[in-house]
Each structure stands twice: as structure tokens, then as C-alpha cells.
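Colleague: The lines below spell out each chain.
There are 2 protein chains.
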Amino acid sequence: MSIGFELSDGFGKMREDYVFAEAGRKVAAFTERHPSRKIYRLGIGDVRGPLFPEIVDALSGACREMESAETFRGYAPASGYDFLREAIAEYCARGGIEISPSEAYVTDGGKNILFDVSSLFDCDVLIPSPTYPVYADGAAFFGKKIEYLVGSESDDFAPDPPRKGRYLIYLCSPSNPVGEALGRDKLTEWVKFANDSGSLIVFDAAYESFVFSGVKSIFSIDGARNCAIEVSSLSKRSGFTGLRCGYAIIPSGLTTASRSVSRAFERYCASSDNGVAYPVQRAAQAALDPSLDAKTLERIREYSLGALALKKAAAKRGFYVLGGSSPYTWLKCPDGFSSWEFFDYLLSLGGICCTPGCGFGEGGEGYVRFSSFAPLQSVDEAAFILSEILRKL
Amino acid sequence: MSIGFELSDGFGKMREDYVFAEAGRKVAAFTERHPSRKIYRLGIGDVRGPLFPEIVDALSGACREMESAETFRGYAPASGYDFLREAIAEYCARGGIEISPSEAYVTDGGKNILFDVSSLFDCDVLIPSPTYPVYADGAAFFGKKIEYLVGSESDDFAPDPPRKGRYLIYLCSPSNPVGEALGRDKLTEWVKFANDSGSLIVFDAAYESFVFSGVKSIFSIDGARNCAIEVSSLSKRSGFTGLRCGYAIIPSGLTTASRSVSRAFERYCASSDNGVAYPVQRAAQAALDPSLDAKTLERIREYSLGALALKKAAAKRGFYVLGGSSPYTWLKCPDGFSSWEFFDYLLSLGGICCTPGCGFGEGGEGYVRFSSFAPLQSVDEAAFILSEILRKL
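If you're matching them up, the sequences are chains A and B in order. Heads up, the first sequence is in the numbering used here, so the first residue is 1 and it goes up one at a time. Heads up, the second sequence is in the numbering used here, so the first residue is 1 and it goes up one at a time.
Keep in mind that the hints were calculated from the coordinates and are not lab data. Keep in mind that this is a model prediction, so the values were computed, not measured. Hints are not guaranteed to be accurate.
To be verified - 27 Å max Cα-Cα, derived DSS-like pairs, lysine-lysine: (1) A:Lys145 <-> B:Lys145; (2) A:Lys13 <-> B:Lys13; (3) A:Lys192 <-> A:Lys145; (4) A:Lys13 <-> B:Lys145; (5) A:Lys145 <-> B:Lys295.
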């Protein structure tokens with residue numbers, strides 16, 4: 001006996017599998033066959049811990065508040081507690097971006113809203129590719145017409161805006177998987193295109209903390225407040241992958257022809273979920289406190305050093321490689337290797353797990369991505385092994 | 001300058017406002033005008049705390065684990081940690097329902113999945129009304145054709161299944177807002193209808209812990225494993241409204257004509273979010289431990305006593321009133337009062353906040369809902385005031 005209707009059309013339009021899951025299964029099978037081999041886990045972009053003690057103190061303190069009737073907190077405000085929205089605005093201000101706390105919307109990480117955002121609009125979707133697969137999965141799930149703008153070596157995987165069209169545009173900078181940040185000129189072109197065409201940019205700034213000297217936020221570009229929202233996350237910056245906290249910045253004046261986008265987003269949040277756990281919001285407030293900026297930067301620099309080591313290892317063997325302003329390195333596979341073939345080759349020969357580039361959509365086939373969240377010494381070892389493998393090819 | 005496309009059709013089909021927000025604004029305005037008046041907050045169904053110390057210990061202990069590299073946890077498994085899935089299965093077993101841990105999917109509360117679930121299927125949606133507004137908001141947002149089955153006094157707001165049609169059916173038992181649980185006979189009729197018609201029942205069991213002797217789970221009805229999923233939450237049972245943890249039970253054999261529902265749900269979760277915070281999952285595990293069952297039941301009974309006190313206060317004045325097997329009481333407004341008029345009347349005369357029945361959809365106009373999560377003494381006072389107000393009408 002079965003249900004008499006099918007899964008939604010949109011469900012069928014998502015790709016059949018999620019590349020991280022498949023890579024994970026392969027690595028698990030490999031470690032089972034070779035239990036004594038050392039494995040370098042440079043695949044999925046999960047951080048290593050631990051959380052800074054100041055963050056854990058804030059988290060634990062908030063937990064303890066839940067134990068007393070006087071300080072217990074039930075449902076959180078749908079858009080987040082004011083204390084955190086203020087901390088986000090102050091964090092942005094330290095980066096030179098002025099926003100009002102009421103323009104910051106607390107979310108349970110970036111992924112959920114990146115998946116959902118196209119469902120709020122009557123729009124086609126434009127996705128520079130290769131990129132984070134969640135954009136295309138979300139747009140496909142919600143039945144959107146998707147156009148891809150496929151990057152390549154000729155534009156260093158940072159394609160120019162199209163000549164025409166009106167879209168919801170996903171931009172990711174620094175880019176997952178390519179590892180490079182878009183420069184001010186390129187971002188200015190995108191903002192001009194969006195304003196001229198009536199498009200909306202959804203700017204995924206999940207890796208903004210890895211930008212040391214360039215542009216961290218779309219809102220540092222003139223005109224972006226009329227055509228963009230920004231989605232950010234504490235996952236990579238502060239190690240929150242296991243706690244789940246991020247935020248969207250929606251300029252108060254951003255509108256469709258007839259409606260305020262921020263009011264629509266508030267309405268959507270109020271109907272569709274119940275906010276982020278109170279202790280997690282306190283932890284996020286602590287993570288964004290200026291007193292932790294120096295320590296945070298130090299950890300981010302360590303991840304970056306790993307990415308640079310991998311980049312150098314490949315570059316010195318003459319391979320095309322990008323990265324360094326994010327935890328990711330993007331390497332062209334040696335001649336004759338597909339993404340999955342080179343994935344298998346690196347795993348079996350060097351114990352190095354990466355992520356096949358084909359999992360990031362069109363333009364990704366023939367490349368692999370490394371993430372550098374493993375301990376630096378381990379990434380350095382992997383970089384040496386990689387360099388030796390590439391030397392022999 | 002504005003974005004050149006509009007909000008989605010589905011967004012426009014959600015109702016313009018969310019009744020709890022509007023009621024909240026009215027109460028806030030009232031308290032500002034009358035700062036010294038005592039207010040009985042029987043509106044929104046938020047629990048009062050505190051959390052039991054055992055739950056806070058588990059929560060805090062897990063927070064501390066995040067402080068050490070050895071015990072730090074990053075991304076959670078998309079469907080939840082095994083320790084919690086096992087605790088959910090054991091909790092169900094204590095209630096007489098046998099499920100496998102792999103049939104329990106951890107979510108960040110019930111609301112999100114109740115909003116999203118229709119997006120997974122190519123279906124029309126059937127909603128017995130009045131009910132929790134999130135069902136209709138979600139189905140409207142995702143562009144589903146919705147039919148309402150409007151309850152009334154003649155069926156004590158528990159309408160029979162329709163004669164024909166094939167739907168995704170939302171059932172809420174014990175019912176929000178009516179406060180009564182569906183009996184075994186009625187649930188058997190629903191399961192028979194679903195199996196005969198190829199429909200899918202989404203059973204919202206958020207208030208199952210308030211059922212002391214009747215049916216807590218749809219899976220205690222024969223045949224339900226072929227036609228139902230159940231969504232439950234720790235919000236009301238264990239005071240988790242501010243922590244966010246719930247679960248869905250999806251039978252492993254449940255299928256559409258061609259696909260497994262649980263595999264589809266796993267795929268959807270893996271693409272659209274990153275799971276529930278690790279410390280919250282540890283807290284949920286503690287909350288479901290059998291050692292807390294007695295204390296939990298005691299607290300639930302106290303909430304129930306409040307609901308019964310309100311019910312008795314209205315009944316003894318001859319008013320039509322339902323409730324008692326949930327934290328909710330459902331009262332017919334006195335002749336000539338609309339829901340919002342009686343809401344205003346109770347607030348200004350008695351300082352009692354309730355929720356206007358019209359906010360729960362068709363069939364709700366002319367009724368109000370009380371929640372009984374306030375301290376019992378306060379609910380008892382409100383019951384006395386209500387009884388006096390009704391006496392004079």
C-alpha cells in the first residue's frame with residue numbers, strides 16, 4: 001500500500017545525491033578497508049574546534065538561566081534577540097559597514113535561508129558556477145528557472161555579469177569552492193547590473209572573515225542597499241557548525257515594486273519557524289564581541305596558511321590552482337583525470353580526502369576542492385604528499 | 001529604485017498577519033496605557049520555565065564538550081545524533097509504540113517541518129479547521145490547493161473524514177486550538193480514509209504528553225504506518241520552546257508509488273539545513289530519559305488543571321466550552337461578540353489575554369482560545385474572573 005501522489009516536481013529536480021555524502025561514503029569504505037592508513041580530511045568544510053572558552057562561558061551561562069523561573073526564556077523573537085542583532089550591527093561597523101540592528105535577522109546558520117530564499121520571490125535564478133550546491137538545490141526544489149553562468153580558467157572562475165536578464169543572483173565571495181574573493185571592481189559591476197536590471201543579489205558571505213584586505217561585504221559597494229541582501233554565518237568564523245547561528249542583512253529600504261523585502265522576510269520567519277535557541281544566541285553575541293577579534297583572526301589565519309600551503313604545493317608543480325582567501329583551494333586535475341577519478345587517486349595514493357569539483361555544478365568537472373580546516377601540521381603534511389603525487393604525474 | 005520582480009504568489013496567499021502578533025501588539029498597547037493592571041497571559045502557547053536541572057546539566061555538559069578539541073562537535077548528522085534517535089524510540093516504546101531509531105528524524109521543533117512538509121509532495125492539502133495556522137500558511141506559501149473541513153459545535157470541532165478525495169491531511173491531536181484529543185474510533189476512521197484514498201496524514205502530536213488515557217500517537221492505530229507521518233516536539237512537554245527540538249517519525253516502509261518517503265526526507269534535510277545544535281540534542285536526550293517521566297507528568301498535569309479550571313468556569317455559566325486534554329480551552333463567545341470583540345472585552349474588563357478564534361481559520365470566528373501555561377494560581381484567578389464576567393453577560 002502506498003501514498004497515491006508523488007513527490008513534488010521540485011524534489012525530482014534536485015540532483016540525485018549530494019556530493020559530500022557520496023564522498024563521505026567512499027572515505028568511510030576506504031578507512032574500513034585500510035584501518036591503519038593515515039587520512040587527511042580535507043573534504044567537507046567543517047571546522048575543527050574547540051570553541052573559545054569565552055563563547056562556551058556565554059553558552060553555559062545562558063543554559064543556567066533556563067534553570068530558574070525568573071530568567072527562563074521561551075520562544076525567541078522570530079528575527080532574533082535585540083542583544084544579538086546589536087552585536088551583529090557592531091561587528092559590521094568594525095568592518096566599515098553601517099547597518100541598523102533591525103536590518104540584521106538571526107538565522108540558524110546560512111544554509112537554510114540560502115536554500116529557501118528563492119521561494120519568497122517570483123523570479124528566475126542566476127547562479128555563477130561552480131558554486132555551493134545548495135543554491136541550485138533550493139532553486140530547483142522551488143521550481144525556479146535556473147540559468148548558470150559557467151566560470152573557467154579564462155576568467156579565473158569569476159564570470160562577468162550577463163548582458164541582460166532579471167534574476168535573483170547568488171554570489172559567493174570568498175567563493176566556495178574556488179577559494180578566491182571577488183574584487184571591488186567585479187562587485188561594482190555586479191551591483192550595477194543588478195540595479196540596472198532590477199535583479200536581486202543574494203550575497204553569501206559565509207567566508208568573509210577570511211578576507212584580510214579586500215571587500216568583505218556587498219554593502220561596501222555603492223548602490224548595494226537597493227539590490228542586495230547578505231547572508232552570513234558564524235560557522236566558519238567562530239566554529240559554530242555544531243551550534244547553528246547565522247544572520248541575514250536586509251536593508252530597510254529594499255523593496256519590490258510594491259512590497260518591503262524586510263517586512264516580507266519578517267512575516268515569513270514568523271510563520272515558518274520559531275527562531276534560534278537562546279543559549280546559542282548568547283554564544284553568538286560572545287563570539288562577535290570585539291575582545292575576541294584578535295584570537296578569532298589568529299585562528300582564521302591558521303586555516304588560511306593551510307590553504308596557501310596546498311596552493312603552493314600545486315603551483316610549484318605547474319598546476320592551475322586558485323584559493324588562499326578562504327579555507328578552500330581549487331585544483332585542476334591532472335590530464336586525463338575526472339574529478340571523481342582524481343578524488344579516488346588522491347585517497348588511495350595519499351590518504352587525502354578532497355571534494356570532487358563536479359559536485360559544485362557546471363564548470364566544476366575536472367577540478368577538486370581541498371578544505372583546510374584540519375590542524376595546520378596535518379594540512380602541511382597533506383600539501384607535501386600532494387606535491388609529491390603531482391610531481392610524479 | 002526597487003527590485004524588478006514581485007514576491008512569490010505563495011507569499012501573497014498567506015494571510016496578511018499572524019494573529020498572535022496582532023494580539024501581542026494589542027496587549028502591549030494595553031499594558032502601556034494601564035501599567036498597574038494585572039495581566040493574565042493566556043494568549044500565546046509558550047511554556048513557563050524553568051527547565052529541570054537534569055536537562056540543564058545535560059545542556060551545560062554538552063556545551064563544555066565544545067571547549068575541548070577532543071570532544072568538540074561540528075556539523076551534526078542531518079537526521080540527528082543516534083543517541084537522541086534512540087532516546088526518541090525508547091520514549092515511543094514506553095507509550096506502546098514500536099519504532100526503529102532510524103525512523104525518528106530530529107528537527108528544530110515541530111513548526112518548521114509542519115510549514116514545509118507539503119512542499120515535498122505533489123498534493124492537494126486538507127485541513128480540518130479551526131486549527132494551528134501554520135498548516136494553511138505553509139500550504140498556501142507552497143501554492144497548494146487547500147480544502148478546509150470546517151468543524152462546529154455539531155461535531156465538537158472534530159469533523160469526520162470526507163467521502164472522497166486524495167490529500168495531504170493535517171491532523172492535530174490533542175487539538176490546537178480546541179483542546180480535545182481525537183478518540184480511537186475517529187482516528188481509525190481517518191486512517192481508513194487515508195489508506196483507501198491514497199492520502200497522507202501529517203499527525204501533529206505536539207500536545208501528546210497531555211493525553212493521560214487516550215491515544216497519543218497515530219501509530220497506535222492499525223494501518224497508520226502505511227499512510228502517516230507524525231511530528232512531535234519537546235516544546236510543550238519539556239519546556240523547549242526556547243531551545244528548539246522536535247522530531248518527525250517516518251515509517252521506513254512508507255512510500256509513494258515510486259519512492260521512499262523517509263529517503264526523500266533525508267535528502268531534503270541534507271540539502272536544506274544542517275541539523276540541530278549538539279547541546280540541544282543532548283538536552284533533548286535528557287528530557288526524554290525515563291527518570292524524568294514522573295516530574296514531567298506532574299508539570300503537565302498542572303497545566304491541565306489550569307485548562308480544566310477555565311473550562312469549568314465557563315461551563316458553570318452555561319457556555320459552550322471544550323478542552324482539558326491539552327493546555328487549551330476553547331470558549332464560545334457570548335452572543336453578539338466577534339472573536340476580536342470578546343478578546344478586547346476580556347482584556348479591558350479582566351486583564352485576561354486570550355487568542356481570538358478567528359486566527360485559527362474558518363470555523364474559529366465567534367470563539368476564543370485560552371492557554372494555561374501561566375502559573376496555576378494565576379490561571380485559577382483568571383478562571384474566577386472569567387466566570388464573573390460571564391455571569392454578568
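Colleague: It remains to establish, for every hint, whether it holds in the given structure.
Modeller: Verification of the hints:
Pair hint A:Lys145 plus B:Lys145 holds up; C-alpha atoms about 22 Å apart against a cutoff of 27 Å. For the suggested pair A:Lys13 and B:Lys13, the alpha carbons sit about 24 Å apart, so the restraint of at most 27 Å is met. Restraint check: the Cα-Cα separation between A:Lys192 and A:Lys145 comes to about 23 Å, which is no more than 27 Å; the hinted pair holds. Between A:Lys13 and B:Lys145, the direct Cα distance comes to roughly 21 Å. Compliance with the 27 Å bound is thereby established for this hinted pair.
Between A:Lys145 and B:Lys295 the alpha-carbon distance is near 53 Å, which puts this suggested pair outside the 27 Å criterion.
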